[in-house]
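Q: What follows is the residue order along each chain.
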Amino acid sequence: MKSFLTAIVKAFKLFISYQKTNLSAGMEYRAAFFTQVFAMILNNSAFIIFWMILFDRVGTIEGYDFQAVMFLWALAAVGFGIAAVFFGNSTYLSRIIYNGELDVYLLHPKPVLPNLLMSRTHVSGWGDLSYGIILFLFTQDTSISHLFLFGIFSLLFALILVSLRVMYHSITFFMGNAEELAARSSDAIISFTLYPGTLFKGPVLLVLHTLIPAAFAAWIPYEIIKNFDLTKLLLLIGADFVIASIAYGVFHLGLRSYESGNRMGARL
Amino acid sequence: MIISGNYKLLQGRSLNTVIQIQNLRKKFNTKIKSSGFAAAVKSLFNPQYQTTHAVDDISFSVERGEVLAFIGPNGAGKSTTIKIITGIMYSDSGNVKVLGMDPHRQRKQLAYRIGTIFGQKSQLWFHLPPVDSFYLLADIYDLDRNRAKKRINFLTEVFQIGSYLKVPVRKLSLGERIRCEIAASLIHEPEILFLDEPTIGLDVIVKQRIRNLIKTINSEDKTTIFLTSHDTGDISSICRRAIVINHGQIVWDDTVNKMKYSFFKKKTVDLRLQSPLQLEMDGVKILKTKNSSAKLEINLDLVDLTAVFDRIMQTNQIKDMTVSNPPLDEVISLIYSKDKR
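Here the protein sequences line up with chains Y and U, keeping their order.
Quick note on our numbering: the first sequence kicks off at 1 and runs consecutively.
Quick note on our numbering: the second sequence kicks off at 1001 and runs consecutively.
Misleading hints may appear alongside valid ones.
As the list claims (entries may be wrong) - On the chain U side, residues computed to face chain Y include the following (Cβ under 7 Å): (1) Tyr1090; (2) Ser1093; (3) Tyr1112.
What the hints assert, rightly or not - For lysine-lysine, the following DSSO-like pairs were computed, each having C-alpha atoms within a straight-line distance of at most 27 Å: (4) U:Lys1108 to Y:Lys10; (5) U:Lys1288 to Y:Lys13; (6) Y:Lys13 to U:Lys1108; (7) Y:Lys10 to U:Lys1149; (8) U:Lys1290 to Y:Lys20; (9) U:Lys1150 to Y:Lys10.
As the list claims (entries may be wrong) - Chain Y stretches covered by chain U per the calculated footprint, using a threshold of three residues with CB under 8 Å from any CB of chain U: (10) 22-32; (11) 45-59.
Bear in mind the hints are in silico, worked out from the structure with no lab data behind them.
Just so you know, even glycine gets a beta-carbon here, dropped at the ideal spot from N, CA and C.
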């Protein structure tokens, strides 16, 4: 138990150290840092106007009103922001594999995947993160219980998004380059989670519960926050951890056939 | 075929073995394709693969404190071997023990005790000063703040990098960056340091400085050095032993000195004489003469050096002379070419 706790403390310490280093690297170009953050906030805000106009005309869409859709947007923005800020390398995994850059992480005395994922930050992710929080505070019920649930769902959203990227990028180990596939699946889950889940029926819904698990990322959390159900919450957490475990397994299976490389490179 | 006798057999096996490799093998299946669009389409539906035996049944061991050159032409299997030893890559078969550990099963434990510098892969953050990377690495290796600070101060002094410790890496010269890279790889006081082309692209002065630093690390910290380099200057000035690998197999394993002496049976002699040279002798080839100076190539298989000098001194007087071995470059080229298949 003591060694487990020590490992957790060490992992947290390293996590903080990576964040400090990434933030310092980002702040080297302060103007670019703040421009990226504010550009992302502005970009996301533009969509609110679109949804306001739409709901002003139609009232509700398949049981979702303006506030419900804003919940999806806030959740996706914070989840995406967490993934971008704290697990930034998840978008570059294919490139890291086919360029042989995994070597650096394999030479560290740390678990490869978490070490690799958290070693890079996307500065613009701070913009998404801030935007999502502000949007939630202005459009949703800000009771402690809702804030708490929103926090949990945001972390779970990030977990699913990162797992999905890891899973599809890991195909690079076997096929040579799965960068596009992974990027499209990542885009797909974000896009689907921004629309009411009730719009989708039949085989599409099956895909959205399996290959692109948007349902677990956003729609089920929305149902839980609307009508709290502990069993549903626990099942959701269980399902999310199954997805994460599959991603972890696929990555480690691929790692066995990692061939490294000699490409020149620098850490940015 | 190993050209020299196995170094370890000559030296006797010691309890201080830090790397033990037995019958290591690794092969790659590489997709091959002819040029052109039609071949690309054909390859899409009917891919053809070629098997390359990158490492083909190699065995060797390294003792604590040794400075070993692990050399070979491009594609010989050097990097693959190092990547297997350091736990980056899996082997197909064979037994690898580094500091008594299996590099794959005990990758994390081993990482605390080895350091690596791959010339083309930086550990330093490009936009940050080296000191930030040093402290991040200290956290990666679980060093507490005090120990990290002491170690960084020590390395700063030894490597004389204090003046640019706080300058972003992107603004450093290559030589300054490599010094910081080596310092970074030593933060956690590794017992074995793997260096892959550490002096690539450096000027002669910086190269010499890096070589001296590597020697210092070896002598002061007793760090075992495992060096790959195409620069024979690195090998002759740092390493006592060399393993030459070609086509995935070890073709030479012995001391660097022996490599020079036993491989070339020829010596080059520069002479300054009292009068112009008159000499005809089996095993002696006159390369150049000018007034009373001469340059000879003497084949030691056919004639002794002393016999040649005796013959010259019967009719002449030697004022000055230099006997030289062939350059290490030529020796290594010869080893490579002897193994050509």
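Q: Each hint needs a verdict: does it hold in this structure or not?
A: For each hint, the structure was consulted:
| no. | hint | in the structure |
| --- | --- | --- |
| 1 | Tyr1090 | 6 Å, holds |
| 2 | Ser1093 | 14 Å, violated |
| 3 | Tyr1112 | 5 Å, holds |
| 4 | U:Lys1108 to Y:Lys10 | 14 Å, holds |
| 5 | U:Lys1288 to Y:Lys13 | 70 Å, violated |
| 6 | Y:Lys13 to U:Lys1108 | 17 Å, holds |
| 7 | Y:Lys10 to U:Lys1149 | 18 Å, holds |
| 8 | U:Lys1290 to Y:Lys20 | 70 Å, violated |
| 9 | U:Lys1150 to Y:Lys10 | 20 Å, holds |
| 10 | 22-32 | holds (count 4) |
| 11 | 45-59 | violated (count 0) |
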